[in-house]
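Enquirer: As they're listed, the protein sequences go chains A and B. So for the first sequence, our numbering puts the first residue at 59; every next one is plus one. So for the second sequence, our numbering puts the first residue at 59; every next one is plus one.
Hints are supplied without guarantee of correctness; some may be wrong.
Any copy will do: because identical chains look the same in the list, a pair fits if it lies in one copy or spans two.
Unchecked claim - Derived pair list, reagent style SDA-like, types lysine to any residue, alpha-carbon separation capped at 25 angstroms:
#1 K69 / Q312
#2 K434 / E365
#3 K435 / F95
#4 K69 / Q184
#5 K430 / E161
#6 K169 / S147
#7 K434 / R327
#8 K97 / D188
#9 K97 / G338
#10 K97 / R318
#11 K435 / G92
#12 K434 / D188
#13 K435 / D182
#14 K434 / A167
#15 K69 / E98
For the record, the hints were derived by calculation from the structure and aren't laboratory data.
Here is what each chain is made of, one letter per residue.
Protein chains: 2
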Amino acid sequence: MIYLDNNATTKLAPEVLEAMLPWMVDHYGNPSAGYRFGKEARRAIDTAREQAAALINAHSPEEIIFTSGGTESNHLALASALSWLPPDSTFVSSTIEHSVIHEWLGAQAEKERLSWEQVSVNEDGQLHLDEWSEQLSRSESRFATLMWANNETGVLLDVEKAAAIAESQGAYFHSDAVQAVGKVPVDVQSHPMQSAAISGHKLHGPKGIGALWVNRHSRLHPVLLGGGQENNRRSGTENVAGIIGLGKAAELAQAHIARREEQQGLRDRFESALLGEIEGVEVNGTTEPARRLPNTSNLYFPGVDGEGLLILLDQAGICCSPGSACSTGAVTPSRVLTQMGYSRARAKSSVRFSLSHLTTEDEVTEAITLIKEAVKKLQIVLPTGSRVVGPRR
Amino acid sequence: MIYLDNNATTKLAPEVLEAMLPWMVDHYGNPSAGYRFGKEARRAIDTAREQAAALINAHSPEEIIFTSGGTESNHLALASALSWLPPDSTFVSSTIEHSVIHEWLGAQAEKERLSWEQVSVNEDGQLHLDEWSEQLSRSESRFATLMWANNETGVLLDVEKAAAIAESQGAYFHSDAVQAVGKVPVDVQSHPMQSAAISGHKLHGPKGIGALWVNRHSRLHPVLLGGGQENNRRSGTENVAGIIGLGKAAELAQAHIARREEQQGLRDRFESALLGEIEGVEVNGTTEPARRLPNTSNLYFPGVDGEGLLILLDQAGICCSPGSACSTGAVTPSRVLTQMGYSRARAKSSVRFSLSHLTTEDEVTEAITLIKEAVKKLQIVLPTGSRVVGPRR
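Chain A on its own, in the form it takes in the complex (with noise of 0.2 angstroms):
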């Protein structure tokens, strides 16, 4: 098998499960308790949470709270301002934000609880910043928020500039990190932010588990309540083998990210070879490497149809995906690649590879061969250009 499906999901890193395995054997105690077992317990998730801050360089560990993953932790900062925030407040958003942020905020909005509005893209993927500045303008805005990189393309949104507009007008500025945190710097101090949120099985890291990081001077109403957990920010039994899981992922990634030059010098091959070798093909989103998640390459081909290359790469023993994961079984193109201008053909015929620092200089070799074998199976059966969905088997 070649995993190319990293934006998806990340194999555990075998230290992350050598860190874990003590907290799921023998010390199992509840870090809310009083006694040294449970304390110990208490001790590790004060480290997993130093390990956490360090990679994102917060100002101190208290300001990241431990939930159970990125789609608690985008909601958490997002139901925290709505609870917060007057009635009339305009929320600011990207049209490419990650379903999670885009689906609460459309439910919402639906409801009448907030006013909406979404800032188009070019077709680079990049936000046009002067719409972004204008919405954020109104007084009424009050809530502002940007993936640091999306997780379809891969492109690196201009969290510096968008983050200094929002804070020029007062607004609140939250980040949905998910796809950025471990593949690239990630500096929450280097921006005037607010809340930013991370996913642990997105860096090596468990599943189910995840971070919101809060500026120390940024507010934050929970949303479970109970048990005080988290300094009465998110209470609920820990997850200490997954906290501790996603602390040393975190300690890993700074290597990761210090050789992230590499990781793109081989996303870049693995590109080029397709650019140059199957005719037609094109990238979606900026061309320029450097602007894109350093793992990422979102692939237009031209006149095959996307899920037909998909199930012929799994029988090849491919793993990457049509778009984002979570829009499997949903037959609508999509929704990122749309917005930056594309045709619903071209979304259509488009590929996510992701790769990590485990894909070998091999498998990239090996899917070059595989994924051109497969595209010229689906010309054959298809003129080039046509839509029609391809053979089945």
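Assemble chain B onto chain A, guided by the hints.
Expert: Then chain B, alone, in the frame of chain A:
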């Protein structure tokens, strides 16, 4: 170490860890993915859903929604109902609900999003059914929530009658079954219920995973939106290993429940020894052993500072709790005990011991000796009946 705090959390069963490991190591695919490597995770989740459904005799596995734990499960049931019930609805609970439910209802009532009526309990810890009936007979009472078993005293609430009354009044009935599931039979078809909360780590499953059972005829408005996982009822990449672990724990729990009389026998021996050999010791909650969880013993040690006793017992290697683990650090006496009519002094002189099927005869014998010694030390220092804080060393 003698671990007598199984109502706080339990040791992960080795079989559960074994079931989880493949999904943490090799089979890390995203269950939402379209390729085989993802679909195998999807199928494993389906099996776990069947296992969880079987434990509580759900009508079908689809009634199980996996969450991040008991706190989220309870929150989901409550928040869902709040979103679709009419604005003037009254939520009726008991005075001894877990803080998850208690604090959430309190917070919503404070914001005037709902009315909240609490029904009191008697000295046995049992619900006043006449009061319950009276509250629910008011037309605006549309949501009733009652825990299946109390976490501090182990008292089994009269869910059967409470649910029947709620049904007769047309109210939604939710039960926080977190402490009961895995210890006693919980059959969601035996009473007219709409939803029930389950936690993995309370039944020798992993921390960070739980489930909400929702009757197939009941409405459920999701809180976490986005990827559409859990049949659009709880978005977020699935905690695959955690779910597999909860499933396996649910399967194993059937055997423990079948042997609950043995469990109760051991608990009764423990309790009788302390009642008989230390002067003045009394049980908090009903003295009918069968009306309590078979593993729980909440005891009053007259004249003994509970916190001091916990410190001595910790030094002696015994883990137990001053009430609910979640409330550690707080100086207020247990709300549950004071709501049962006990004095603050009694609450502060009370300790909860909770066994599991892993607790051995020898451990119980040794614990009895060590508890007697510790109590004697504290009683030497303090005259009987005094409420002065015990020695701190």
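Enquirer: Pop the pair K97 and D188 into one bin, within, between, both or neither, using alpha-carbon distances up to 25 angstroms.
Expert: neither (51 angstroms within a copy, 43 angstroms between copies)
Enquirer: Give the relationship of K97 and R318 under a CA distance limit of 25 angstroms: within one copy only, between copies only, both, or neither.
Expert: Neither, since 38 angstroms and 31 angstroms both go past 25 angstroms.
Enquirer: With identical chains, the pair K430 and E161 could be close in the same copy or across copies; at 25 angstroms between alpha carbons, which is it: within, between, both, or neither?
Expert: Neither, since 36 angstroms and 59 angstroms both go past 25 angstroms.
Enquirer: Evaluate K434 and R327 at a C-alpha cut-off of 25 angstroms and name the case that applies: within, between, both or neither.
Expert: within (20 angstroms within a copy, 75 angstroms between copies)
Enquirer: Checking K69 and E98: alpha-carbon separation at most 25 angstroms within a copy, between copies, both or neither?
Expert: For K69 and E98, only the inter-copy Cα distance (15 angstroms) is at most 25 angstroms; the intra-copy one is 28 angstroms.
Enquirer: Please sort K169 with S147 into within, between, both or neither, judging by C-alpha distance up to 25 angstroms.
Expert: Both: 14 angstroms inside a chain and 18 angstroms across chains, each within 25 angstroms.
Enquirer: Is it within a copy, between copies, both, or neither that the alpha carbon of K69 lies no farther than 25 angstroms from that of Q312?
Expert: within (17 angstroms within a copy, 33 angstroms between copies)
Enquirer: When no copy is specified for K97 and G338, does a C-alpha distance of 25 angstroms or less occur within a copy, between copies, both, or neither?
Expert: Neither: 60 angstroms inside a copy, 32 angstroms across copies.
Enquirer: With 25 angstroms as the alpha-carbon cut-off, assign the pair K69 and Q184 to within, between, both or neither.
Expert: Neither. Shortest intra-copy (29 angstroms) and inter-copy (49 angstroms) distances fail the 25 angstroms Cα cut-off.
Enquirer: Reference check for the pair K434 and D188, CA-CA at most 25 angstroms: within, between, both, or neither?
Expert: The answer is neither: 43 angstroms in one copy and 75 angstroms across copies each exceed 25 angstroms.
Enquirer: At 25 angstroms max between alpha carbons, let me know whether K435 reaches F95 within a copy, between copies, both or neither.
Expert: between (60 angstroms within a copy, 23 angstroms between copies)
Enquirer: Tell me, please, which holds for K434 and A167 at an alpha-carbon limit of 25 angstroms: within, between, both or neither?
Expert: For K434 and A167, neither the intra-copy (46 angstroms) nor the inter-copy (64 angstroms) Cα distance is at most 25 angstroms.
Checked against the numbered hints above, the structure breaks hints 4, 5, 8, 9, 10, 12, 13, 14 and satisfies the rest.
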